[in-house]
Amino acid sequence: MKLSTALIKNVIESAVFASPEPLTVDELLNLFADEEKPSRLQLQTLLKELQTEYATRPLEIVEIASGYRFQVRAKFSPWISKLWHDKPPKLSRAMLETLAIIAYRQPVTRAEIEAIRGVVVSTQIIKALFDREWIVVVGHREVPGRPALLATTREFLDAFSLKTLAELPPLAALRDLEAIDKELI
Amino acid sequence: MSVSEFKPSDVLPLTDSVPQAYARVYDEILTQLPEDLYIPPDALAVFLESFEGPLDLLLYLIRKQNLDILDIPVAEITRQYVSYIELMQELNIDLAAEYLLMAALLAEIKSRLLLPKPAQAQAEEDDPRAELIRRLQEYERFKQAAENLADLPQEGRDIFIAHAQAPVRDILPSEPFVGDFSLLLNAMRDVMQRAQLQQSHVVAEGGLTLEQRLQEVLARLKTGATIAFNELFTLQEGRIGVVVTFMAILELLKQQLIELVQEAVFTTIYVRQYGLGET
Chain Y
2 MKLSTALIKN VIESAVFASP EPLTVDELLN LFADEEKPSR LQLQTLLKEL
52 QTEYATRPLE IVEIASGYRF QVRAKFSPWI SKLWHDKPPK LSRAMLETLA
102 IIAYRQPVTR AEIEAIRGVV VSTQIIKALF DREWIVVVGH REVPGRPALL
152 ATTREFLDAF SLKTLAELPP LAALRDLEAI DKELI
Chain U
705 MSVSEFKPSD VLPLTDSVPQ AYARVYDEIL TQLPEDLYIP PDALAVFLES
755 FEGPLDLLLY LIRKQNLDIL DIPVAEITRQ YVSYIELMQE LNIDLAAEYL
805 LMAALLAEIK SRLLLPKPAQ AQAEEDDPRA ELIRRLQEYE RFKQAAENLA
855 DLPQEGRDIF IAHAQAPVRD ILPSEPFVGD FSLLLNAMRD VMQRAQLQQS
905 HVVAEGGLTL EQRLQEVLAR LKTGATIAFN ELFTLQEGRI GVVVTFMAIL
955 ELLKQQLIEL VQEAVFTTIY VRQYGLGET
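Protein chains in written order, with the working numbering: chain Y, 2 to 186; chain U, 705 to 983.
There may be inaccurate statements among the hints.
[Unchecked claim] In the SDA-like style, the derived pairs of lysine to any residue whose C-alpha atoms are separated by at most 25 Å in a straight line are: (1) K76/Y with A116/Y; (2) K91/Y with L856/U; (3) K958/U with Q977/U; (4) K49/Y with Q977/U; (5) K88/Y with E859/U; (6) K128/Y with N852/U; (7) K76/Y with F864/U; (8) K926/U with Q900/U; (9) K76/Y with Q858/U; (10) K83/Y with G860/U; (11) K10/Y with A866/U; (12) K128/Y with G860/U; (13) K91/Y with Q977/U.
[Stated by the list, open to error] A few chain Y positions that, by computed beta-carbon distances, are all more than 12 Å from chain U: (14) Q72; (15) K128; (16) S162.
Hints listed in this document are in silico derivations from the structure and should not be mistaken for laboratory results.
Just so we're clear, the structure is a prediction, and the values are computed from it rather than from any experiment.
Backbone N, C-alpha and C fix where the C-beta goes; we use that ideal spot for every residue, glycine too.
Let the hints inform the model, and build the full structure from the sequences given.
Structural data, given as structure tokens:
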């Protein structure tokens, strides 16, 4: 039986709302029986329509790395954050710098992070990033000591409302070393 | 006052306001501080903590004076850098070794700049500052990237996930099995009876060991899965297979590696890893 577009849209909206985890297009498609399944394109169109409909609401449907989810718009955080007694721990500069290097330079070793920052990377910072599941070991560099190669995870993208790494703010351009040499001479 | 509110510029216009003799007369450093310049030691600790290492401190010194990173006056920067370091040491702040290494590096660069260079080698030899400049630039890029990252909307800080609270739907009771042991034996008898029906299909000797079966059962439950008691048995293995599996289950129970749960008498008994129900 073919379902009406309005019904499909309602199912999508309620599924994204009811799911504790973000839902991918595939997961949404799987909710429908074979004969009632909308096309992928139709589903994506309906998601777009929903996003437009929510444009005037305090909630929004956003696509992040793990799929679609409902979230409260950032501008309401001053009020909504009061629902929770303990604030999320503020990310220290050391942690953010370490995370930035891993995100832009992945996969990297700890030694490479230290070379850029000029200080030893503390074990607590790396552990805290692992605890948040923002980074993983993706392999080992085949050099003596086989240092672990670190990379960011989908959870990291989700936490910063990013779909892909390409959405990270661009890294400032480095002035060409040769140009620097010329200026120096 | 929290660390984040603290601006380094509030505390230490050190090299600007302190006479030149300051850094030279080691013994008199503290007495020579102008009286109006009170620096509480704690504030200095905070000041130092606000730097993420020697590169960060250097960048601060360079930026504070609007100097071009590509053309650092090494002598001047070194002097300022060292005076900060000395003051910190004077106040017994435990300096990371990297700060001292940077001071040594600056001194080396300065001395290399002073050395006359052989005429023909000059073209090939890099400016001694080049490597430091490269590192400063690279660090500054990621310092900026970290700030950009901090500005992104963060889950739990700026963004709050909205979803309906799913009703609690515990399919299995979380209490461990406390029923009559005969229930387990009944279940066992059922399996044995079914195995008997299939026994004629057994052709070769199974060669089953209890040890092996222990591992297999554990492996199936490793993922946190809950498996029906019956499903652990492979009827095609015949009586021996069933007995070995049953012994394995009993042994794992005894070792508290698995636990059995049953919702009500005569319903299916489930097997799972020990302690899963408590979380």
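Q | Distance restraint between K10/Y and A866/U, which requires alpha-carbon spacing of 25 Å or less | A | Holds. K10/Y to A866/U sits at ~18 Å (cutoff 25 Å).
Q. Can the restraint linking K91/Y and Q977/U be considered satisfied, given a maximum Cα separation of 25 Å?
A. 37 Å, violated
Q) Would the pair K76/Y and A116/Y pass a check requiring their Cα atoms to be no farther apart than 25 Å? A) Outside the cut-off at roughly 38 Å; violated.
**Q.** 25 Å limit on alpha-carbon distance, applied to hinted pair K128/Y and N852/U
**A.** 22 Å, holds
(Q) According to the definition I'm using, a residue is off the interface if its beta carbon is farther than 12 Å from all beta carbons of the partner; does Q72/Y meet that for chain U? (A) Not fine: 5 Å to the nearest Cβ puts Q72/Y too close to chain U.
Q. Given the hinted pair K76/Y and F864/U, is their alpha-carbon gap at most 25 Å?
A. Holds, because 11 Å separates the two Cα atoms, which is no more than 25 Å.
**Q.** Given pair status - G860/U, K83/Y, alpha carbons within 25 Å
**A.** 11 Å, holds
Q. Does the alpha-carbon distance linking K88/Y and E859/U stay inside the 25 Å limit?
A. 11 Å, holds
**Q.** Separation of K128/Y from chain U, once the least beta-carbon distance is taken, above 12 Å
**A.** Consistent with the label, K128/Y stays out of reach of chain U, its closest Cβ about 18 Å off (over 12 Å).
Q: Given the hint that K926/U pairs with Q900/U, test it: the Cα-Cα distance must not exceed 25 Å.
A: 30 Å, violated
Q) Holds or violated: K958/U with Q977/U, Cα cutoff 25 Å? A) It holds: about 13 Å lies between the C-alpha atoms, which stays within 25 Å.
Q) Straight-line Cα separation of K128/Y and G860/U no greater than 25 Å? A) 20 Å, holds
Checked against the numbered hints above, the structure violates hints 1, 4, 8, 13, 14, 16; every other hint is satisfied.
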